[in-house]
Amino acid sequence: MSPAIVKLIAQRLALGILLLLAVSVLIFVGTQLLPGDVAQAILGQSATPEALANLREELGLNDPAYVRYFDWLGGVLTGDLGTALSNGQDISEALGKRLSNTLFLAMWAAIISVPLAILLGLVAVQHRNGFIDKLISATTLTSISLPEFFIGYLLVYFVAVELQWFPSVSTVYDGMSFGDRMSAIALPCATLTLVVLAHMMRMTRAAILNVMQSAYIETAELKGLSPFRIILRHAFPNAIAPIVNVVMLNLAFLVVGVVVVEVIFVYPGMGQYLVDHVSKRDIPVVQACGMIFAAVYISLNIVADIVAIVANPRLRHPK
Amino acid sequence: MSDELKYLSDRVARGLMNRRAFMGRAAALGVGATMAGSMLSSAALAAGAQKGGILKVGMVGGESTNSLDPATFASQVPFALGRSWGDTLVETSPTGEVTNRLAEEVSASADARVWTFKIRSGVTFHNGKTLDAADVVATLKRHSDEESKSGALGIMRDIDTITQDGNNVVVALKSANADLPYLMSDYHLIIQPNGGLDAPDAGIGTGPYKVVVNEPGVRHVGERFADYWDAPNRGHADQFEIIVINDATARMAALQGGQVHMINRVEPKIVDLVKRVPGVSIKNVGGRGHYVFIMHCNTAPFDNNDLRLALKYAMDREQMVDKILRGYGTVGNDMPINAAYPLFDDSIPQRTFDPDKAKFHFKKSGHDGSVLLRTSDVAFPGAVDAAQLYQESCLKAGITLDIKREPGDGYWSEVWNKQPFCTSYWGGRSTQDQMYSTAYLSSADWNDTRFFNEGFDKLLLQARAELDLAKRKAMYSEMGMMVRDEGGLIMPMFNDFIDAVSDKVGGYNVDPGAELMNGYALSKAWLA
Numbered sequence: 001m002s003p004a005i006v007k008l009i010a011q012r013l014a015l016g017i018l019l020l021l022a023v024s025v026l027i028f029v030g031t032q033l034l035p036g037d038v039a040q041a042i043l044g045q046s047a048t049p050e051a052l053a054n055l056r057e058e059l060g061l062n063d064p065a066y067v068r069y070f071d072w073l074g075g076v077l078t079g080d081l082g083t084a085l086s087n088g089q090d091i092s093e094a095l096g097k098r099l100s101n102t103l104f105l106a107m108w109a110a111i112i113s114v115p116l117a118i119l120l121g122l123v124a125v126q127h128r129n130g131f132i133d134k135l136i137s138a139t140t141l142t143s144i145s146l147p148e149f150f151i152g153y154l155l156v157y158f159v160a161v162e163l164q165w166f167p168s169v170s171t172v173y174d175g176m177s178f179g180d181r182m183s184a185i186a187l188p189c190a191t192l193t194l195v196v197l198a199h200m201m202r203m204t205r206a207a208i209l210n211v212m213q214s215a216y217i218e219t220a221e222l223k224g225l226s227p228f229r230i231i232l233r234h235a236f237p238n239a240i241a242p243i244v245n246v247v248m249l250n251l252a253f254l255v256v257g258v259v260v261v262e263v264i265f266v267y268p269g270m271g272q273y274l275v276d277h278v279s280k281r282d283i284p285v286v287q288a289c290g291m292i293f294a295a296v297y298i299s300l301n302i303v304a305d306i307v308a309i310v311a312n313p314r315l316r317h318p319k
Numbered sequence: 001m002s003d004e005l006k007y008l009s010d011r012v013a014r015g016l017m018n019r020r021a022f023m024g025r026a027a028a029l030g031v032g033a034t035m036a037g038s039m040l041s042s043a044a045l046a047a048g049a050q051k052g053g054i055l056k057v058g059m060v061g062g063e064s065t066n067s068l069d070p071a072t073f074a075s076q077v078p079f080a081l082g083r084s085w086g087d088t089l090v091e092t093s094p095t096g097e098v099t100n101r102l103a104e105e106v107s108a109s110a111d112a113r114v115w116t117f118k119i120r121s122g123v124t125f126h127n128g129k130t131l132d133a134a135d136v137v138a139t140l141k142r143h144s145d146e147e148s149k150s151g152a153l154g155i156m157r158d159i160d161t162i163t164q165d166g167n168n169v170v171v172a173l174k175s176a177n178a179d180l181p182y183l184m185s186d187y188h189l190i191i192q193p194n195g196g197l198d199a200p201d202a203g204i205g206t207g208p209y210k211v212v213v214n215e216p217g218v219r220h221v222g223e224r225f226a227d228y229w230d231a232p233n234r235g236h237a238d239q240f241e242i243i244v245i246n247d248a249t250a251r252m253a254a255l256q257g258g259q260v261h262m263i264n265r266v267e268p269k270i271v272d273l274v275k276r277v278p279g280v281s282i283k284n285v286g287g288r289g290h291y292v293f294i295m296h297c298n299t300a301p302f303d304n305n306d307l308r309l310a311l312k313y314a315m316d317r318e319q320m321v322d323k324i325l326r327g328y329g330t331v332g333n334d335m336p337i338n339a340a341y342p343l344f345d346d347s348i349p350q351r352t353f354d355p356d357k358a359k360f361h362f363k364k365s366g367h368d369g370s371v372l373l374r375t376s377d378v379a380f381p382g383a384v385d386a387a388q389l390y391q392e393s394c395l396k397a398g399i400t401l402d403i404k405r406e407p408g409d410g411y412w413s414e415v416w417n418k419q420p421f422c423t424s425y426w427g428g429r430s431t432q433d434q435m436y437s438t439a440y441l442s443s444a445d446w447n448d449t450r451f452f453n454e455g456f457d458k459l460l461l462q463a464r465a466e467l468d469l470a471k472r473k474a475m476y477s478e479m480g481m482m483v484r485d486e487g488g489l490i491m492p493m494f495n496d497f498i499d500a501v502s503d504k505v506g507g508y509n510v511d512p513g514a515e516l517m518n519g520y521a522l523s524k525a526w527l528a
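So the protein sequences, as listed, match chains A and B. Every letter in the first sequence is one number past the one before it in the working numbering, and letter 145, counting from 1, is 145. Every letter in the second sequence is one number past the one before it in the working numbering, and letter 32, counting from 1, is 32.
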């Protein structure tokens, strides 16, 4: 790898970390702006002035905001997210379980949807403006146009209640066999796939069609290569940057945007965990969830940037 | 012989005197045909119980913030879970009587100030420890301590001392209270080893199931406890599983798809659809929970009793029950008490929708302009619709009602008990005394109608100590009338608890105490 690329990647990573720091300040300030402080949130209606003062002292709330920010940031950097106010559980432990559930679901949704979307995109290009292209576009656009809860309820009604193929409740837990786990996540996974499919498929189609106008594609055609081979070998590598961008955006959605799907299928992921704690004003948990979501989002975008750079010689060798 | 039968025959054998002392309400408690009958039948039902299987229930009301510490219980899942792993000293039966559980015998001094609970012997905790009076004393003390922030603190405030006397626990009150046994049936007061002081959230109790999986907000699993003291009557399934399903549609789908056997809180608007689903039946029971419109009696313009009366007469209660509850409830009478409470006076006239009287009182109040009502979806299911219906019926009486829809987040901290006129709900309490003490006594924290009435307060304290049931009933009747005619409560309806249960479940009998057989469905029902 050339030093130029290494330098570019290092720049991107440094920018990402800077951005994450900026987000951490925003999250901290945002949660400080909420009415009432943590001590009031813990004690609730029964708060007496003395108890409030004691608890503030105990939690270090009397320190200036920047001291508290660096305390908190130091904890986050060393993996100590603190304890939840509402039930005294260790946040890292509780959150770790929820995060791995969320990632598990997102991973399977990605494993199914990304290749499927790209394949459908390639097929659509090959049959562009024909019946197959229109069919693929129509079905995927329909599924993205329907709100995700509606798709979820449709699947629950037909697949879980009427046909009883898969359970409608996707509760997963330790000690579940792999088969049970897969059966449990079948419906939320299908819902997420339907939601993210169209975006990625359309982008693949558009990006490749764009490249298909180029002279070298014409040359390839004149060489007598098969149309699918032209798309796969000559058009696709040149269209990869925008595709990866969209894929990463959708992967980020699979991690940070699945609250509704989690609620419908009763899936114990991060989204439900976050909502529960927001309603209890459990600030440390909300901050921790915010940081994790931001980190996921930023790192996926960095990956997209880097792939775009590596895939594009013009970016690889800046003048 | 089943415990209830033993208990019943015990009571008969001991004669009524003992019970008079025990309950302070002998006359009403003669071995009534209904009560004896229901006890015999529930005993007979338990005798037909089938053992085994995994009983699954899908419930709304669980959050990832829940704890196993009974002091913190506030929502439905911890409530039902606590019922399955722990026992209280006494319980209320589906007919509203107090029945003994970990207390073998309950007796009171003649003035109902000193109560003695004889603790049952041969009961073991899940950790192998034998239950003794010291555990009970420690438990009650922990919940009486301000530091514990227990949900039962309010009902423990009247307790002066709690002492152990051999195998007895003696509770001395600051003032007489003939209802103390009812208070001891509170779901927070689960007896824990050493009162739970060592590990409040360990989930160790004397109940029919041991907690084996506790994932708050996700699922809870219990396993039958081999040494349970009342094994013939409770804990029929090998295991139970509570799956937290907060979404109403997902809950119904889980029941239909056969993933759970019971669900709580079926929405009234889908009950008729659910009835058509094969293999599922609806179990509803009128309870003490009610939906309310509350005015602050000390804040203008609601400090004028004529305006309050005008707004009360402008409420079409029948329509509310019909439209908002779809018939799954009963009309209210501007007091928080209904026939589900002991000592209810059913001769109090029912207030009805009367636009003319509303017009008359509105005019007399001299109020000019509109009245502002705050509401939100979280106040009760259908609260916004109810406010709009009320707006219509007010208009018929010539009263303009403005509705302000508040965000659900923060409704309970910013609107309820703060703003002068809003919608809300109450879960009800087990006795009239408790209900009035919680929300209508001048000094009550949750006096959400700002009802300050010296005569009422005095009567409440008198009634609490009054052992003559006829006199007590008359006092409660008078108090009910005061709230009805002078209070700030507009009380359109009492809501039913509506559960849905699969045909695979046996032994399900509704209990007006609360949903899911007052939380005992996991212990008392079985898989047929």
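There may be inaccurate statements among the hints.
Said to hold, decoys possible - Here's a subset of chain B near chain A, in silico, CB distances under 7 Å, partners left out:
hint: 1; residue: S67
hint: 2; residue: D238
hint: 3; residue: Q239
hint: 4; residue: A250
hint: 5; residue: A254
hint: 6; residue: Q256
hint: 7; residue: G257
hint: 8; residue: Q462
hint: 9; residue: A465
hint: 10; residue: L467
Unchecked claim - From chain B, some residues computed to sit far from chain A (all C-beta separations above 10 Å):
hint: 11; residue: Q50
hint: 12; residue: S64
hint: 13; residue: N66
hint: 14; residue: D201
hint: 15; residue: V213
hint: 16; residue: R219
hint: 17; residue: V244
hint: 18; residue: G258
hint: 19; residue: D303
hint: 20; residue: D306
To be verified - Capping the alpha-carbon separation at 20 Å, the derived lysine to aspartate or glutamate pairs in EDC-like fashion look like this:
hint: 21; chain 1: B; residue 1: K357; chain 2: B; residue 2: E414
hint: 22; chain 1: A; residue 1: K280; chain 2: B; residue 2: E105
hint: 23; chain 1: B; residue 1: K359; chain 2: B; residue 2: D306
hint: 24; chain 1: A; residue 1: K280; chain 2: B; residue 2: D485
hint: 25; chain 1: B; residue 1: K458; chain 2: B; residue 2: D158
hint: 26; chain 1: A; residue 1: K280; chain 2: B; residue 2: D247
hint: 27; chain 1: A; residue 1: K280; chain 2: B; residue 2: D503
hint: 28; chain 1: B; residue 1: K149; chain 2: A; residue 2: E58
hint: 29; chain 1: A; residue 1: K97; chain 2: B; residue 2: E414
hint: 30; chain 1: A; residue 1: K97; chain 2: A; residue 2: D71
hint: 31; chain 1: B; residue 1: K275; chain 2: A; residue 2: E162
hint: 32; chain 1: B; residue 1: K149; chain 2: B; residue 2: D201
hint: 33; chain 1: B; residue 1: K149; chain 2: A; residue 2: D80
hint: 34; chain 1: B; residue 1: K118; chain 2: B; residue 2: E105
hint: 35; chain 1: B; residue 1: K418; chain 2: B; residue 2: E406
hint: 36; chain 1: B; residue 1: K275; chain 2: B; residue 2: E414
hint: 37; chain 1: B; residue 1: K359; chain 2: B; residue 2: D503
hint: 38; chain 1: A; residue 1: K280; chain 2: B; residue 2: E318
hint: 39; chain 1: B; residue 1: K504; chain 2: A; residue 2: D80
Hint data in this document are derived by calculation from the structure and do not stem from the laboratory. Cβ atoms here follow ideal geometry from the backbone N, Cα and C, with glycine treated the same way.
(request) Verify the proposed pairing of B/K149 with B/D201, using a straight-line Cα cut of 20 Å. (result) OK: B/K149 and B/D201 at ~14 Å, within 20 Å.
(request) Mind verifying the non-interface call on B/S64? Its CB should be farther than 10 Å from each CB in chain A. (result) 4 Å, violated
(request) Take a quick look at whether A/K280 and B/D503 sit within 20 Å of each other, Cα to Cα. (result) This hinted pair is violated, its Cα atoms lying about 37 Å apart.
(request) With chain A as the partner, please determine if B/Q256 meets the hint condition of a C-beta pair closer than 7 Å. (result) 5 Å, holds
(request) Run the C-beta distances from B/V213 to all of chain A and say if the shortest one exceeds 10 Å. (result) Given a closest Cβ separation of 7 Å, the condition is violated.
(request) Evaluate the condition: distance from the CB of B/N66 to the nearest CB of chain A exceeds 10 Å. (result) Check fails; 7 Å does not lie beyond 10 Å.
(request) May I ask you to check that B/D306 keeps its beta-carbon over 10 Å from the closest beta-carbon of chain A? (result) 32 Å, holds
(request) Decide, holds or violated, for the assertion that all CB atoms of chain A are farther than 10 Å from the CB of B/D201. (result) 8 Å, violated
(request) Quickly compare the C-alpha distance for B/K275 and A/E162 to 20 Å and report which way the hint goes. (result) 17 Å, holds
(message) What's the verdict on B/K359 and B/D306, does the C-alpha distance respect the 20 Å limit or exceed it?
(response) Holds - the C-alpha atoms of B/D306 and B/K359 are around 10 Å apart, at most 20 Å.
(message) Confirm or reject: B/G258 is not an interface residue toward chain A, with every Cβ-Cβ distance exceeding 10 Å.
(response) 7 Å, violated
(request) Given the hint that B/K418 pairs with B/E406, test it: the Cα-Cα distance must not exceed 20 Å. (result) 13 Å, holds
The structure fails hints 2, 3, 8, 9, 10, 12, 13, 14, 15, 16, 17, 18, 21, 22, 24, 27, 29, 30, 33, 36, 37, 38, 39 (numbered hints given earlier, in ascending order).
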